[in-house]
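Participant: The residues making up each chain are set out below.
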Amino acid sequence: DAKTTQPPSMDCAEGRAANLPCNHSTISGNEYVYWYRQIHSQGPQYIIHGLKNNETNEMASLIITEDRKSSTLILPHATLRDTAVYYCIVHSLTKETSGSRLTFGEGTQLTVNP
Amino acid sequence: NAGVTQTPKFRILKIGQSMTLQCTQDMNHNYMYWYRQDPGMGLKLIYYSVGAGITDKGEVPNGYNVSRSTTEDFPLRLELAAPSQTSVYFCASSYSGHLLSSYNSPLHFGNGTRLTVT
Chain A
98 DAKTTQPPSM
108 DCAEGRAANL
118 PCNHSTISGN
128 EYVYWYRQIH
138 SQGPQYIIHG
148 LKNNETNEMA
158 SLIITEDRKS
168 STLILPHATL
178 RDTAVYYCIV
188 HSLTKETSGS
198 RLTFGEGTQL
208 TVNP
Chain B
36 NAGVTQTPKF
46 RILKIGQSMT
56 LQCTQDMNHN
66 YMYWYRQDPG
76 MGLKLIYYSV
86 GAGITDKGEV
96 PNGYNVSRST
106 TEDFPLRLEL
116 AAPSQTSVYF
126 CASSYSGHLL
136 SSYNSPLHFG
146 NGTRLTVT
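Read top to bottom, the protein sequences are chains A and B.
The opening residue of the first sequence carries number 98 in my numbering; numbering runs sequentially from there.
The opening residue of the second sequence carries number 36 in my numbering; numbering runs sequentially from there.
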């Protein structure tokens with residue numbers, strides 16, 4: 098799986114958009130970009146994933162660059178409850194590799210300030 | 036749905052003791068996983084299973100055993116607890132059907148078991 102690089106920490110003001118970057122310059126054509134977050138002491142929570150196109154759901158938006166070497170997770174109106182560690186993961190799952198290892202790095206600690 | 040349920044929430048073991056961490060899911064997911072998370076670190080995969088009767092090693096399997104006799108349950112066994120196994124353990128599950136899109140379905144995590152070995 099491609100390695101990802103994220104800043105160790107970021108701050109954001111409550112109510113503003115939080116933009117979390119992730120570099121994955123060695124991503125291959127069949128690898129998806131996933132984002133999870135982990136609020137202190139809880140299990141990680143899935144946020145969003147995508148392959149090529151930008152994606153949006155009720156939690157966030159995912160912007161993937163045209164060359165797919167980087168992506169940005171956008172929380173449009175951050176709240177105090179969005180304070181968490183955010184993990185960007187790149188992984189390929191095919192019928193042959195389904196269920197194989199999904200590796201979490203150390204992520205970005207996002208702190209939303211009042 | 037309760038999702039992924041882990042028991043116990045907390046446990047303190049003495050060196051050399053054994054215990055089983057329980058994990059059950061009610062989403063009829065084929066795939067189940069065990070991760071450990073040391074303080075300030077990311078998650079490391081211990082074992083995973085693609086279906087009942089099938090298990091495989093992850094990154095850090097030494098000192099652990101698993102079984103998968105049913106779709107719902109995926110217990111993790113520590114036979115001889117060591118201080119290096121002090122960690123938070125997370126169980127997860129994911130769906131996999133017969134469509135390519137389902138191979139990339141997200142993981143659903145439990146809330147973890149905090150284990151201390153002294």
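The hints are simulated quantities; they were obtained by calculation from the structure and are not laboratory data.
The model shown is predicted, which means the values in this text are computed figures rather than measured ones.
The reader is advised that the hints may include incorrect statements.
Capping the alpha-carbon separation at 20 angstroms, the derived lysine to aspartate or glutamate pairs in EDC-like fashion look like this [what the hints assert, rightly or not]:
id	chain 1	residue 1	chain 2	residue 2
1	B	LYS49	B	ASP73
2	B	LYS79	A	GLU203
3	A	LYS166	A	GLU111
4	B	LYS92	B	GLU114
5	B	LYS79	B	ASP91
6	A	LYS100	B	GLU94
Participant: Are the Cα positions of B/LYS79 and A/GLU203 separated by 20 angstroms at most?
Facilitator: 11 angstroms, holds
Participant: Within 20 angstroms, alpha carbon to alpha carbon, are A/LYS100 and B/GLU94?
Facilitator: With a Cα-Cα distance of about 16 angstroms, the restraint between A/LYS100 and B/GLU94 holds, given a limit of 20 angstroms.
Participant: For a C-alpha distance cap of 20 angstroms, please report whether B/LYS79 and B/ASP91 respect it.
Facilitator: 14 angstroms, holds
Participant: Holds or violated: B/LYS49 with B/ASP73, Cα cutoff 20 angstroms?
Facilitator: 18 angstroms, holds
Participant: Are the Cα positions of B/LYS92 and B/GLU114 separated by 20 angstroms at most?
Facilitator: Within the cut-off at roughly 16 angstroms; holds.
Participant: Can the restraint linking A/LYS166 and A/GLU111 be considered satisfied, given a maximum Cα separation of 20 angstroms?
Facilitator: Not satisfied, since the Cα-Cα distance of roughly 29 angstroms exceeds 20 angstroms.
Hint 3 from the earlier list is the only one contradicted by this structure; the remaining hints agree with it.
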